[in-house]
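The listed protein sequences correspond, in order, to chains Y and V.
Under this note's numbering, the first residue of the first sequence is numbered 4, with each subsequent residue one higher.
Under this note's numbering, the first residue of the second sequence is numbered 64, with each subsequent residue one higher.
Incorrect hints may appear among the rest.
Stated by the list, open to error - Non-contacting residues of chain V with respect to chain Y, defined by C-beta distances greater than 10 Å in every case (computed):
#	residue
1	Asn231
2	Pro363
3	Gln394
4	Gln473
5	Gln537
6	His713
7	Arg719
8	Gln822
9	Leu836
10	Asn867
11	Pro869
12	Gly905
13	Arg929
14	Ala962
15	Asn993
16	Ala996
What the hints assert, rightly or not - With the C-beta cut set under 8 Å, the calculated list includes, among others, these residues of chain Y facing chain V:
#	residue
17	Phe140
18	Leu144
19	Leu394
Hint data in this document are derived by calculation from the structure and do not stem from the laboratory.
Just so it is clear, the structure is predicted and the values come from calculations on it, not from any experiment.
Ideal placement from N, C-alpha and C gives every residue a C-beta, glycine not left out.
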Amino acid sequence: MNVPDETPVVAPGYDSGSVTRKITDVVLARPLGRGWLAGFAFAFALLMLLNFAIGWLLIRGVGIWGINIPVAWGFAIVNFVWWIGIGHAGTFISAILLLLHQDWRTSINRFAEAMTLFAVACAGLFPLLHLGRPWVFYWLLPYPDTMGLWPQWRSPLVWDVFAVSTYATVSLMFWYVGLIPDLATMRDRSAPRPLQFIYGVMALGWRGSARHWKRFKMAYLLLAGLATPLVLSVHSVVSLDFAVAIVPGWHSTIFPPYFVAGAIFSGFAMVLTLLIPVRKAYGLQDFITIRHLENCAKIMLATGLMVAHGYITEMFMSWYSDDKFDIYMTLNRMFGPYAPAWWLLMFCNVLVPQALWFKSIRTNPAILFVLALLVNVGMWTERYVIVVTSLHRDFMPSAWGIYHPTRWDWMTLIGSFGLFLSLLFLFLRLLPAISITEMSKLVRDKKESRQQ
Amino acid sequence: MNMNTWRSTDELEDRPAFRDWLQREFPPLASEWTNEASRRSFLKIMGASFALAGLNACTRQALEKVVPYVRQPEDLVPGQPLYFASALNLEGYARGILVESHEGRPTKIEGNPEHPASLGASDVFMQAEILALYDPERSKSVMNGLEVSTWDEFLALVVQEREKWKSNGGIGLRLLTGHITSPTLLSQIEVLLQEFPNAKWHVHEPLATKAPQPIYDVGKAEVILAVENDFLGPGPAQLKYARDFASRRRADSGATKFNRLYVAESTPSMTGARADYRYALGPRALQEFGTALATEASLPSWGVPILADLTRNKGRSLILLGDSLSEEVRQFARNWNRPLQIAQPLPSNGDSLSEFMQHVEAGKIETLVILGGNPAYDTPMDFKFAEKLALVPLRIRLGLYEDETSALCQWRLPEAHPLETWSDARAFDGTATIMQPLIEPLYGGKSAHELMAALAGNAVVSGYEIVRQYWHAQHAGDDFEKYWRKSLHDGVVAGSAGGKSSPFAPSVRAAASGSGLELVFRPSPSIRDGRFANNAWLQELPQPFTKITWDNSALISPATAKRLHLSNEDVVDLKYRGRLVRAPVWILPGQADDCVTVHLGYGRTHAGRVGNGVGFDAYALRTSDAPWGGSGLEIVKTGLRHPFATTQHHQSMEGRDQVRVGTLAEFQQHPAAVAQVGEPAPGGDETLYVPIAYKGHAWGMAIDLGACIGCNVCTIACQAENNIPVVGKEEVARGREMHWIRVDNYFEGAPENPRIHFQPVPCMHCENAPCELVCPVGATAHSSEGLNQMVYNRCVGTRYCSNNCPYKVRRFNFLEYDRNPFESAPVLKLLRNPDVTVRTRGVMEKCTYCVQRINRVRIEAEKQNRPIRDGEIIPACAQACPAEAIVFGDINDPQSRVAKFKASPLNYGLLAELNTRPRTTYLAKLLNPNPEAEKT
């Protein structure tokens, strides 16, 4: 059904051949441009910064960061939660929107899923690095050890291990399975023999037979089904890291849904932050249209409102509970030493997204880009406020302290962007950034429906 | 432990005598090397000589037996520590100690229960001396100028000097020491002065009181008024006074009649924090008050009920005065207090420093021997000691460190630490203790006795013999050996209280009068007069009230700060008597207005790596006529800032009820009303879980806030017992100090004169521990006896347990603290308690209720097939506490002390409303207001 001013999901005039060509050309035909090289060099430099920061951390210990007693968790956990949250948009787009038959997801789902994977990779570093003794991280894994010791199941950190590793595994499988037909296309279209060979191995022998397609669709649907609950469960479990603790500001039952909403919120913000430049740089505006951007913006607005609801609920419950510790915590966040962070948070996460009520804003890529960046900053700041302000002043005033990040904290955070961007740049250059299979199918379906 | 101490310095120092002997027995062998047979015989001879060298039978050394406290030497069992009695001096006054020795090395100091000055408890200086013993920066060799020399070369010099002294009666010889109570040393000095009548002995003790106070029976006093007298604060009699005072503050349902304490002082002190009424006044105002009290004229309105209270209880009340008050007022107080006097003081002896300086300037001194102390650093600045010392041709110094004084002396002899030498000392009441060494001198040091003997011409005698000879002369009779062994065993010489002392009262001058800001000097609560500046434990020990570590500050009141537009960490220039010292400012609630207090002991230049450059030197402002301060101070802002490293940033209770305080009257009417405030703890049945029944032993602890004086000895005793690392100023500033038990300090009420509360916080060992729930690897578990256990080797370091601990008692090894500059010297390995793991980086740690002590007692009891007695297990904190505020034991035993404490209506758990069910609980603090005073 056509609404008169609704932008189509894919620009007209494409068929499966031209779609395939356009997407594979990005990888196979386009020469290595200065833009990509500059971008990758920058990303790689940041990755080396990350190496340096991690190296020094392993040599000296976790004390190079600004953490202390009482604030024993700092940037590392903030970064962990933020990165994992970002990943949720990818899974939401790939899995949930698939099951809900939202075709507009087609051109962005591959990219978003890749973003998820790389975000989870970045996130996964931090729980390992923040350990005092990271070389025995495997004690958190359930394996039969010589002393008959198992992890302590009641701890949310153990649940985290399961949640995050499941998330990483399922996302990887889902992404990879979806890639298989595309890799076969790459194999068939690439010219140099070594490249053909590599793509061929990665394609796992795909011949495109009817049986293959049948199995592929079943597998893809099943994995989508597996991935869907993860959108809700993973960040719920991560939020339980906080909610199970007794710390005022953490011990709140709204955390699981509030965090999940926040995750999708920040994830879509990151999707927009990345997609807007990418579609411009690679000329993919026909596939990643204004409608896609608008839909992402709408989801951002919706989840942003849910997050705002979470803030209001927390503040209300603080007051309603009449618990002196909780009341102090809320007032301290607003007016204490970390007040600037809290006000920044409110600005970026509550005020700024209200602009998305206006269609003119939603359909303007430049403004959307800035807005999405602000939301990213706001969501990171939200994790910072949750972790640091709750810890720095809790029950015993004699134990109150202050957390200041050190240069190593910053280097690790900025360096993690290096890892993320490096992987992303490599992905853009080496793999089809848009799902050829699904785009072709979409184009064919549209042609059929027009012909009917 | 059988310490057959062979003082065979011959073989240690490879003296010419030894080499000669070897040569005489075995002629040079070089000529015999050429043929095969002679090589074989060379080897035979050398083998024989090495075997024989071990015997060293040429000089017989006396067998020195050191007598342990609990077990005879034959019972040494590896892994079982032995305890030996000795004593440690503070400004010359002894406090008896028991030293725990593991396989011949001392590792922990406790108080000696038999000794009147310690009563089983300790102060922070006693605890820290064990670290001073093992200080890698102590003097290690005899130095002559810039060259390393030997004791023998020094003795050769002494021989020459003695010739000179014999001819002129020692006219150029001077001895400069600190305050000495050691009977042996006093007699040695007397002997020297008899031999050389023209020689003189001067005494300089920077913290010496002008006229020492008698010792009073604080336990019998109904009313005590302390004016600028911190009798509960650090000092030689602190432990006794704290015990006595606490004994009159026990809320045991009326059995104890509470005393009442009024304190008027210029700067918050431990005594002031315990006061029922506290008045913050500068020295001038305090002098006026003292005079008003003595003359009963123009008493301020708040002073009237005080005098009335004192008068009502005349004969059972005490007026304790500080040094800065005039002689008339002090005489009045001495008369008032006479009924409660129990011991005469041991006054400072010897001539004064001012006479010494006169002699120096007149060029009368040729040879100066300085025993201990650090006069180049801590003498009043108007004496210009360091400059003038160059006028003395020969300067000999016996010292523990190469310090500021050593830098000015030609001959520097390494002093043996009190724990490694034979000596003796008297406590404030005259009780003598013979001090026995726990270990041979680590760095070949000599004791003062050995030096004095050398000066007297007898260089061969050992410290052991000197001390033994003295006491033999005191105790004539056949049973000397028995007497000797008993004295060593008990740590006190029976019947020695009230010992002979030569009365000397140096001239007393009243504090200078004047106007404007007043400056007050106080000894540092952690490093005293500066002698402990290189002691990392003490530098890191948070000072009471300010919680500052690794620094001193200029303390000012909030009102004065506001008036002068000063805030915390502002650096100011203190201008006083023509001198200028730059100091950072700290605003201290309870400080008297227009009065600045500075702590002595900092700003040292030759303390060692730990102490150098820490803080500013307040001695640079101190004059000899007003050693405790005076008027005429000027403060000039510099605009600079100086960051402090404090361990507690927030000292308000924020409307929460950590420390619960009530009055005695309230308690007597409604016993439960004092402690049961705020949200009640959930009942035992308010749980979905099956409650765990703790059959058998259930360990618990109760801390009486009514007794705690905030001395911080529990913190440092725990550090010593549990191998807790020092982390340094930067790490403390980051919030990473490692103390397992901390003493929280709260100000309540108006900042000008708040109520001050102390609260020691160890691990609560919660039955519903929030930390145990969240550890992902199960590194923190709960024992069947109720201990929350920390399993270091399982900890991966997620630190979730610390986040979930509402009391924040957990400490994390953020870096490899065991290898930082304060902990890495190899000699410090000797100091570590072998019963406690040394933790690596990345591992959480916390108070364990001294589980090593629990286990040791449990094993002993099982071996002897008997139950564990109440009071047999004493954690380090409880053992050290002078006020007996910390009580530990089996809460399942209704007769145990801890069960009785917990049964008191004053008992409450900290944050119990969180349903943590802490095993460590507190007894609320009771004040004893005067109904008359309440009306004014």
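The hints, checked one at a time:
no., hint, in the structure
1, Asn231, "holds, 64 Å"
2, Pro363, "holds, 35 Å"
3, Gln394, "holds, 44 Å"
4, Gln473, "holds, 45 Å"
5, Gln537, "holds, 52 Å"
6, His713, "violated, 4 Å"
7, Arg719, "violated, 7 Å"
8, Gln822, "violated, 8 Å"
9, Leu836, "violated, 6 Å"
10, Asn867, "violated, 5 Å"
11, Pro869, "violated, 4 Å"
12, Gly905, "violated, 3 Å"
13, Arg929, "holds, 34 Å"
14, Ala962, "holds, 26 Å"
15, Asn993, "holds, 31 Å"
16, Ala996, "holds, 30 Å"
17, Phe140, "holds, 7 Å"
18, Leu144, "violated, 10 Å"
19, Leu394, "holds, 6 Å"
The structure is inconsistent with the numbered hints 6, 7, 8, 9, 10, 11, 12 and 18, although it conforms to all the rest.
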